[in-house]
Amino acid sequence: KDDFVCTLFGSSGPVHSEVERVLRIATTLGSSNCYETVVSQAFIYHHTVFISSPLTDPLQKHWSEGEFKTCIMQLIEMAEEKTGCSALVMAIDRHQPLPGKLSMLLRAFMYLGFQLVHPSVYQQAPGFILVGYEL
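The opening residue of the sequence shown carries number 85 in the numbering used here; numbering runs sequentially from there.
In case anyone wonders, no lab produced these hints; they're calculated from the structure.
Treat each hint with caution, since some may be false.
Pair by pair, the computed Cβ-Cβ distance ranges are [as the list claims (entries may be wrong)]:
no., residue 1, residue 2, range
1, A209, E104, 15 to 23 Å
2, G184, P210, 17 to 25 Å
3, E102, S204, 27 to 35 Å
4, G97, G150, 18 to 26 Å
5, G211, R191, 25 to 33 Å
6, E218, K153, 15 to 23 Å
Note that the coordinates shown come from a computational prediction; the quantities given were computed from them, not determined experimentally.
Positions of the beta carbon are idealized from the N, C-alpha and C atoms, including for glycine.
Work out the full structure: start from the sequences and follow the hints.
So, in structure tokens, the structure goes:
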């Protein structure tokens, strides 16, 4: 359980002690004969699903048109239907998106209905930006 929770919130805070397990979510994107597996990690804390951004692998250089939206919408639907939570928070590592793409990535999340979460709300590690979605 420690990797994602510790990286996002540290090992000594209240979040770490209350999270029982971290789930691994994988989906396959692509068309024809070019497929790519996208992996996120997720956990629930105080009726909120926290998910690592599916764009954490710097080797994922491009998505086909519509795949980003499809992937994020699938994560939203999974959170709505399977968890009973009231919010979804996507954790974006400031250093992982391709160089110069962080602002474009944030705009893409906002286009899908996410809002920036102020760092004082969850006190995440400074290397992460949180965007939230009300379920």
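Evaluated hints:
no., hint, verdict
1, A209 / E104: 15 to 23 Å, "21 Å, holds"
2, G184 / P210: 17 to 25 Å, "20 Å, holds"
3, E102 / S204: 27 to 35 Å, "19 Å, violated"
4, G97 / G150: 18 to 26 Å, "38 Å, violated"
5, G211 / R191: 25 to 33 Å, "20 Å, violated"
6, E218 / K153: 15 to 23 Å, "18 Å, holds"
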